[in-house]
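Please model the entire structure based on the sequences and the hints provided.
Residue numbers (this note's numbering), protein chains in the order written: chain F, 1 to 318; chain Y, 1 to 318; chain X, 1 to 318; chain V, 1 to 318.
Quick caveat, the hints were computed from the structure, so don't treat them as lab data. Model, not experiment: these values are computed from the prediction. Any given hint could be a false lead.
Just so you know, same-sequence chains aren't split out, so a pair can sit in one copy or run between any two.
Said to hold, decoys possible - Within a straight-line C-alpha distance of at most 27 Å, the following computed DSSO-like cross-link-like pairs (lysine-lysine) qualify:
(1) K54 <-> K299
(2) K279 <-> K54
(3) K24 <-> K164
(4) K32 <-> K299
(5) K286 <-> K24
(6) K253 <-> K149
(7) K164 <-> K149
(8) K253 <-> K208
(9) K286 <-> K32
(10) K54 <-> K208
(11) K32 <-> K279
(12) K208 <-> K286
(13) K208 <-> K164
(14) K164 <-> K32
(15) K208 <-> K299
(16) K54 <-> K164
(17) K286 <-> K54
(18) K32 <-> K149
(19) K208 <-> K149
(20) K253 <-> K32
There are 4 protein chains.
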Amino acid sequence: MLKNIENTGFTALSSAEGKRIANKDGTLNILKTGLPFWERLSLYHSLLRMPRWKFLLSIILFYGTLNILFALAYVCIGVEHLNGIDGDNLPGFLQAFFFSSQTLTTVGYGHISPDGLLTNMVASIESFTGILSFAMVTGMLYGRFTRPKAYLIFSDNALVAPHKGGTALMLRTASYKNNHLTDVEAQLTAAFHIEEEGNTLTRFYPLKLEISRVNSLALSWTLVHFIDEESPLYQMGAADIQQTNLEILVFVKGFDDHFSNIVQQRTSYTAGDIVYGAKFRPMFRKSDDGSGTLLELDKINWHEAVGLTEPSTSAINA
Amino acid sequence: MLKNIENTGFTALSSAEGKRIANKDGTLNILKTGLPFWERLSLYHSLLRMPRWKFLLSIILFYGTLNILFALAYVCIGVEHLNGIDGDNLPGFLQAFFFSSQTLTTVGYGHISPDGLLTNMVASIESFTGILSFAMVTGMLYGRFTRPKAYLIFSDNALVAPHKGGTALMLRTASYKNNHLTDVEAQLTAAFHIEEEGNTLTRFYPLKLEISRVNSLALSWTLVHFIDEESPLYQMGAADIQQTNLEILVFVKGFDDHFSNIVQQRTSYTAGDIVYGAKFRPMFRKSDDGSGTLLELDKINWHEAVGLTEPSTSAINA
Amino acid sequence: MLKNIENTGFTALSSAEGKRIANKDGTLNILKTGLPFWERLSLYHSLLRMPRWKFLLSIILFYGTLNILFALAYVCIGVEHLNGIDGDNLPGFLQAFFFSSQTLTTVGYGHISPDGLLTNMVASIESFTGILSFAMVTGMLYGRFTRPKAYLIFSDNALVAPHKGGTALMLRTASYKNNHLTDVEAQLTAAFHIEEEGNTLTRFYPLKLEISRVNSLALSWTLVHFIDEESPLYQMGAADIQQTNLEILVFVKGFDDHFSNIVQQRTSYTAGDIVYGAKFRPMFRKSDDGSGTLLELDKINWHEAVGLTEPSTSAINA
Amino acid sequence: MLKNIENTGFTALSSAEGKRIANKDGTLNILKTGLPFWERLSLYHSLLRMPRWKFLLSIILFYGTLNILFALAYVCIGVEHLNGIDGDNLPGFLQAFFFSSQTLTTVGYGHISPDGLLTNMVASIESFTGILSFAMVTGMLYGRFTRPKAYLIFSDNALVAPHKGGTALMLRTASYKNNHLTDVEAQLTAAFHIEEEGNTLTRFYPLKLEISRVNSLALSWTLVHFIDEESPLYQMGAADIQQTNLEILVFVKGFDDHFSNIVQQRTSYTAGDIVYGAKFRPMFRKSDDGSGTLLELDKINWHEAVGLTEPSTSAINA
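What follows is the structure in C-alpha cells.
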C-alpha cells in the first residue's frame, strides 16, 4: 500500500472533474473568498507579476488620473489664477491640464505659474504628490527587475521510456536565459483521483527521482523516476491514467547566481502530456566551430519512439 | 517529568499576573530600558512597521517642517531678495513658503527666483536637501513594499478535539493573499506559570506536532498536537488551564514565492481562546462552477461541538 | 590533547605580541597589500559602513565638486552665454555657480538660462549628470538603511563562575533595538599563543557551549561554556591566561525579522576582560506597572563576586 | 573503479578538442540556441554584469536616442510652437533638441516652453518618459552596486606537492576586498576526456578536500586534495594529464557580511596551470610595525620547487 503523503499542503480535495490542480505555468487553481477583495489581494504582488504591457498601462492610467484631478482643481479655483494663461490660445481646462502635468513631473517650465493662495497650495500639494508617486514607481520598477525567476523551460511531454530493464517516467528541463543555477533540486508528485467511501478525493504520492539534486544546471537535466514496485505508477496503463485524472506536479528549486537568491518554478503534466514508449534525444551538440557546446533549446521535447512492453494488468496500485 | 525547553530564548520570567507573553498579532510584551531612547529604537524599523496612514503623516510632517524652516530663512534674509515677489498679492512669508516648496520639490517654476548671494545659497542648499530627502523617501517606500510578510490568518480558537482515541489540540492557519508559501514549518510552545521555590516562574514546553512541515501552504493547514502521556497538556482540565495562565505560542515560517525570502509570523492563544470538545469543519469546497477549489477564508474558525471525556485528574503534569 | 581546529580560516599566525585578532566591535586586525588600492577597496562597502556624518560629508563634497567643475566650464565658455546674468549684481563666477547648482538639482528656475551651442551642451550634460548622481545617491542611501545588522550588545566582561560543581566561562548578550532575532546561534573560539618548534604560533580551539542555539533572542542570553576536562581552559589560572595572550572570539548569527535576512555580529574578550569568581545578576524584572517584563540594557554587565577554588596546577592544557 | 558523479549538471559532453569547460573567470563555454535572441537574454542580467564603461555608454546612448526622437517630434510639429525660440541664434532643430533635453531631465528652465496642443502633449509625454527612465536607471544602478560578489583571487597555478607521505593537489584562494566571508565551502571537480564506446566523452569526478569548509575566510585558504588510491588523479603523470585534457573546476561559496547574502565564485585550472613538485610559500607575515597581520595578495601564487617521486605507472585510473 502506498503511503499517501500528508505534507503536501494539499488536503484531499473533492474531485473537480477534468480540472487540473496546477497549470503548465505553475499557477494553482485555487480561489479564495471570505475576506474583502482589498484584503485578499496584495497590490504590490499583483503589480509585480502582471505582464509588462499591463504594468505600463497601470502607470499611465495612474498618472493620467492624478493629472486630470489636479487640473479640475485648478479649474474649480479658476484658471485666471494661473499666470501666463492668456498668452496661449488653448482652452482653459487644457492649459490647466498641461500646467498640472508640468507640476506633477516637476518640470515646472514656469511660463504658466500659480497665482494666489489656493492655486499655490494646490500646486504645492501636486508637486509633493508627484515626487511621492515617482518614489513608488521607482520602487515597483526595481521590484519587477529583481524578482527572482528560475527561467526554466520544460519538455512539453513526459515520456515513459525503457530504463534498466523496466520503465521510467522522464521529463526534461533546461535553463534558457544567460543565468546560472546551482544546488538545483526537483520534486515530482503524482496526484490521483481515488474513490474513497463513496467520495472522489485527490491523493498525492511522491515520485522518487534517481537524481533529485544537481550541483549546477548548466545544460539540460532529465528527471528520471524509475517505475518499480514502489512507484505509484507501477503497472498503470494508458486507460488507468485517463480514469484517475493523473497529474504529475513538478517543482524545481535552485540558487540563482545573478539574483543571489533561491528561485523556484512549477509546472504540471496531465494524462494528455504523457507519451508511452519514447526516449529523449540529446538537445546539445558540439558547436559548429568546435569551440564549445551548443544547447539547442527548441529541441527540449525532441524524442523518438521506442518499443515498450504494455503492463500486464491495469489495476491501479493505490 | 517534562523537559523544560531551555532554548526558547525566554529565561524563566517572574510571573506577570494575567499578562500574556505574546499578543495575537505576534508582538512580544517586553520593554527595554537602560539605553537612550534614540539608541534603542531603529528609526528605519519603526518607519517600516508603522501603519500606512502614520507613515504618510510622518512624511507630510517632515516635508512641511523643512518647507517652513527654509521659508523662515528666506524671510530672515529678506523677501525682497526673491525676484518676482512684487507681482503677487500674497504676504511675504507665504510667497517665501511657496518658493521654498517649489525649490524643495525641484519644480522651480522660476516666476519667483533667488536674488543675491545669501538667498541663492539658501536656495541651493534647499534644492540639494530636497533631492536627498527624496532619495530617502524612495528608499523607505521601497522598504515598506518589499517587507516580506507571511500573510497568514489563524483560527480565533484552538480546539481540543477527539483524535486517535485520545484528544488533540488543534488550530488552523491559511494564507489569505495571492502569494504562495513553500517549505512551511510550524512550532507550538506551551507557557505555564509554575510555583518553584516560592517564586512564580514561567516555563516553556514544546508541543510536538503530528506534521510540523508542509511543502506548500496552498489551502488551510490544521496544526495537530496529540495530547498523549508525553504532552505537557496531558490530563489538564479547564481549571488547570486557568490556574497556570496557559499560553500557546505559535510560530510559522515559510519561503515566500513573491518575496523570494523567508517569512515568519507569530500568534498566541490564551486560556480563553481554547474550546473543549470541538472539531474544525472544512473551509474549502468545490467552486460553484466546478472549475476549481474555493477556500472560504471567513470560515477558518468554523467548528462544531463534539463530545469529549473529561480528564479524570486535574493534576498538572510538570 | 586538544584538537586544534583547522577550519577557522585563521591559519596559525606568527604571533603578534599583545595585539588582538579581533576588536570588541568585531573588526579584524588584518591588513592586505599587494593589489592597487582601488582594487582592494570596495567603494560601495566603504560608503555603506562609514559613520553617518562621514557619509553625508562625502555626498556634500561630491556634489560641491561637480557644481564647481561645471561652473568653471560655463565661465570658460563665457558667462555672457548665460541669459539673465545682467539682472543680478553677483560676480560672473557666482552666477555661473548658482546656475550650475540649479541645473545639477534639476530645479531649473529659468531666470538664468543657457544661450548658444556650447553652453547649452554643457547644461544638457550637467542635467544628465545630476540625475545619474541622484540615482546613485538613492541607491546608496537605501543600501545604508537596509544593511542588516544584529544590534546586539555584549557584557563588557566574561565571567568565570561556579557551575555544576565546577566552573564555567560565561558572557551575556542582548538585543538592544526593537527588532526580533530568531534561530540565533553562537560560537566561541579560544585563541592561544603557543610555542611550537621554536616559533610562537596562534592556535584556535572551539569552546563548547551548553546551549549554542536559541529559537528567539527576546531577552538576554547568557552563553555558558562549562570548563570540564575537555575544555581548552581546563585548569588555567590567571597567570596562564596572561602568558598565552588568551583571546575569546565570539560569533553570533541569527535571522532578523525586520530585514528578513541573516545577521551576524562578532566581538572578542582578552585576558583583561575576564573576571574570576563572579556570576551575572538578572538584567530583567517585572515592569513597574506589572504589565510586562522590563529588560534593563544598562545592566548587561551586572555581576557579583562569588567564591571560586583556584586551579591546583597552572599547566596549560594544549 | 571511480564513481563518476552524475549530479554535476554536466551530462557527458561530446569532447570539444582543446576547449575548456569553464574559463578562469568562472564563465562557462556553453552556447544556447533555439529560442529567439530576446527570449534567451535577460536584459537586466546583461546590464548588471557588463563592465562599468559599457553600462555608462548604454545609458548615454539610451537617453541620447530618446532626446533626439522627441526633438524630431517637435520639429515635425513645427519649431514655431516652441515659445522663446526666436530669442536664440541656434538652428531650429538644435533648439528643439535642447528643449527636449530640458524636458527629459525635468530641468525645465522655461525660457523655451511648449505652445499649442500637440507640442504640449509631446512635452507632457516626454516629461513622463523622463521620470520613468530615471526610475529604471536608479533601479539598475542600485542593482549593480548590490550584486553580491565573492571578491576572491585564486593562485594562477595548482601545485602537486608532497603531503603526508604521498602527494596532494593544492591551490590557494584569498579574499581581496575589505569584506568578510563566513561559512565558506569549496568543491573541486576533475573533468577528463575518456574514450567510451568509440566516442570521446567528458566525465566528472569529485576531488575530496581535506578541509572543505572554513568558518571564516579572513586570510588565505589553501585547498588540499590528497592524491590517495581513491583519488581520480592517483598515479597520473604529466603525460596523462595532457592526454585527457584534465580540467580542475573550482567552486567556492560563502556568506558575505556586507551583502548579507550568499556569494559564489568559480574558476578552473587546465593542464598548463598545474605545476609538479612545488609547494606554496606563506602569503602573510607580521606587519612592519608589529601591529597586526599583513596579507600580501600579490604573493598568492608564490611557490617554491620541491622534489617529488614520479608516479610509477602512467595508467589513468578511471
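How the hints compare with the structure:
1. In the homo-oligomer, the alpha carbons of K54 and K299 never lie at most 27 Å apart, since the shortest distance is 31 Å inside one protomer and 34 Å across protomers.
2. Proximity of K279 and K54 under a CA criterion of 27 Å is satisfied in neither setting, with 40 Å inside one chain copy and 45 Å between copies.
3. For a Cα distance limit of 27 Å, the shortest separation of K24 from K164 qualifies neither inside one copy, at 29 Å, nor across copies, at 39 Å.
4. Taking identical chains as interchangeable, the C-alpha atoms of K32 and K299 lie at most 27 Å apart only when they sit on different chains, with a minimum of 11 Å there against 38 Å within one chain.
5. Within a single copy, K286 and K24 get their C-alpha atoms only as close as 31 Å, which misses the 27 Å cut-off; across copies the closest is 21 Å, which meets it.
6. Proximity of K253 and K149 under a CA criterion of 27 Å is satisfied in both settings, with 10 Å inside one chain copy and 21 Å between copies.
7. Taking the shortest alpha-carbon separations for K164 and K149, neither the intra-copy value of 35 Å nor the inter-copy value of 43 Å comes in at or below 27 Å.
8. With identical chains, the CA atoms of K253 and K208 are at most 27 Å apart both within one copy (16 Å) and between copies (26 Å).
9. Taking the closest pair of Cα atoms, K286 and K32 come within 27 Å of each other only across two copies (11 Å); inside a single copy the shortest separation is 50 Å, beyond that limit.
10. Within a single copy, K54 and K208 get their C-alpha atoms no closer than 40 Å, and across copies no closer than 47 Å, so neither meets the 27 Å cut-off.
11. Proximity of K32 to K279 under the C-alpha cut-off of 27 Å is restricted to the inter-copy arrangement: shortest distance 22 Å between copies versus 40 Å within a copy.
12. Proximity of K208 to K286 under the C-alpha cut-off of 27 Å is found in neither arrangement, the shortest distances being 32 Å within a copy and 30 Å between copies.
13. For a Cα distance limit of 27 Å, the shortest separation of K208 from K164 inside one copy, 15 Å, qualifies, whereas the shortest one across copies, 30 Å, does not.
14. Taking CA atoms no more than 27 Å apart as the test, K164 paired with K32 passes in neither setting, with 45 Å inside one copy and 31 Å between copies.
15. Taking the shortest alpha-carbon separations for K208 and K299, only the intra-copy value of 26 Å comes in at or below 27 Å, while the best inter-copy value is 36 Å.
16. In this assembly of identical chains, K54 and K164 lie within 27 Å of each other by CA distance neither inside one copy nor across copies; the values are 50 Å within and 52 Å between.
17. Neither within a single protomer nor between protomers do K286 and K54 lie at most 27 Å apart by alpha-carbon distance, with minima of 41 Å and 31 Å respectively.
18. Taking CA atoms no more than 27 Å apart as the test, K32 paired with K149 passes in both settings, with 25 Å inside one copy and 18 Å between copies.
19. Proximity of K208 and K149 under a CA criterion of 27 Å is satisfied intra-copy only: 25 Å inside one chain copy versus 33 Å between copies.
20. Taking the shortest alpha-carbon separations for K253 and K32, both the intra-copy value of 26 Å and the inter-copy value of 21 Å come in at or below 27 Å.
When held up to the earlier numbered hints, the structure conflicts with 1, 2, 3, 7, 10, 12, 14, 16, 17 and fits the remainder.
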